[in-house]
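2 protein chains.
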Amino acid sequence: MIGRLNHVGIAVPDLAKACALYRDTLGVPVTAPAEMPEHGVTVSFVELPNSKLELLEPLGDASPLRAFLEKNPAGGMHHVCYEVEDIIAARDTLVQGGARVLSSGEPKIGAGGKPVLFLHPKDFLGTLVELKQA
Amino acid sequence: MIGRLNHVGIAVPDLAKACALYRDTLGVPVTAPAEMPEHGVTVSFVELPNSKLELLEPLGDASPLRAFLEKNPAGGMHHVCYEVEDIIAARDTLVQGGARVLSSGEPKIGAGGKPVLFLHPKDFLGTLVELKQA
Numbered sequence: 001m002i003g004r005l006n007h008v009g010i011a012v013p014d015l016a017k018a019c020a021l022y023r024d025t026l027g028v029p030v031t032a033p034a035e036m037p038e039h040g041v042t043v044s045f046v047e048l049p050n051s052k053l054e055l056l057e058p059l060g061d062a063s064p065l066r067a068f069l070e071k072n073p074a075g076g077m078h079h080v081c082y083e084v085e086d087i088i089a090a091r092d093t094l095v096q097g098g099a100r101v102l103s104s105g106e107p108k109i110g111a112g113g114k115p116v117l118f119l120h121p122k123d124f125l126g127t128l129v130e131l132k133q134a
Numbered sequence: 001m002i003g004r005l006n007h008v009g010i011a012v013p014d015l016a017k018a019c020a021l022y023r024d025t026l027g028v029p030v031t032a033p034a035e036m037p038e039h040g041v042t043v044s045f046v047e048l049p050n051s052k053l054e055l056l057e058p059l060g061d062a063s064p065l066r067a068f069l070e071k072n073p074a075g076g077m078h079h080v081c082y083e084v085e086d087i088i089a090a091r092d093t094l095v096q097g098g099a100r101v102l103s104s105g106e107p108k109i110g111a112g113g114k115p116v117l118f119l120h121p122k123d124f125l126g127t128l129v130e131l132k133q134a
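Just so you know, the protein sequences line up as chains A and B, in that order.
Per the numbering used here: the first sequence ends with 134, consecutive numbering throughout.
Per the numbering used here: the second sequence ends with 134, consecutive numbering throughout.
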């Protein structure tokens with residue numbers, strides 16, 4: 001059902017510092033920050049040869065990242081994102097098996113312009129899982 | 001300095017159940033469990049098209065995963081592993097920049113038979129980082 005590891009999401013308290021760490025210290029290309037108000041985040045992607053990291057900083061008071069960063073002030077691994085060929089078919093199969101979809105249950109448009117949705121971490125080994133239409 | 005995302009490490013309380021989730025529910029090939037007593041873990045790899053997940057279950061009373069699973073009983077994202085061309089050169093450059101290497105500071109042999117070492121999460125955005133000789 002799932003395909004490529006599209007990215008690993010890492011929540012950070014300071015996106016500029018996080019970008020500098022990956023770009024300058026670890027020597028990897030990093031994209032310019034992009035605000036995504038409908039998700040409550042500002043994101044930069046770290047472009048590794050075979051996958052990406054998504055560095056996420058809270059945007060706005062209602063950002064879903066704020067509670068995570070209160071528990072993890074230095075930042076931390078936040079989610080993994082897998083590509084699927086058909087996000088509706090994948091969702092429906094997982095829901096039939098008992099998995100829970102977060103929020104409305106309907107896909108939203110994500111950072112790459114493709115539909116995404118999030119699955120409950122309790123159903124996936126304590127890991128927040130994002131599915132993204134390939 | 002860093003290259004491919006070799007794998008994402010996910011700590012789990014029950015490796016057999018975790019393997020079944022990825023193999024049967026999510027439809028991805030999963031390797032047979034392998035015990036690594038020197039690391040205190042039993043591991044299976046989830047073989048995604050472009051990278052891997054390393055599912056980790058504690059092995060032995062002194063396993064470094066036990067404290068993590070006490071805080072996260074359902075499991076959770078544990079580390080990311082990046083490939084480097086020269087693990088000693090990478091370590092020395094990072095240490096000169098102020099980063100801390102865990103344990104003895106010397107590489108050990110990891111799951112794929114290659115030298116690995118771990119970097120302090122406080123120096124890497126709250127994320128435990130494994131470096132692996134490519």
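If you're looking for bench data, these hints aren't it; they were derived computationally from the structure.
Among the clues, some could well be false.
It does not matter which identical chain is meant; a pair holds if it fits inside one copy or across any two.
[Said to hold, decoys possible] With a straight-line Cα cutoff of 20 Å, these simulated DMTMM-like cross-link-like pairs (lysine to aspartate or glutamate) come out: (1) K114 / D24; (2) K122 / D14; (3) K122 / D86; (4) K52 / E85.
Since we're looking at a predicted model, the values are computed, not measured.
Hints and how they fare:
1. K114 / D24: neither (30 Å within a copy, 26 Å between copies)
2. K122 / D14: Between copies only: 14 Å across chains, 28 Å inside a chain, cut-off 20 Å.
3. K122 / D86: The answer is neither: 23 Å in one copy and 38 Å across copies each exceed 20 Å.
4. K52 / E85: Classified as both: same-chain Cα gap 19 Å, cross-chain 19 Å, threshold 20 Å.
Checked against the numbered hints above, the structure violates hints 1, 3; every other hint is satisfied.
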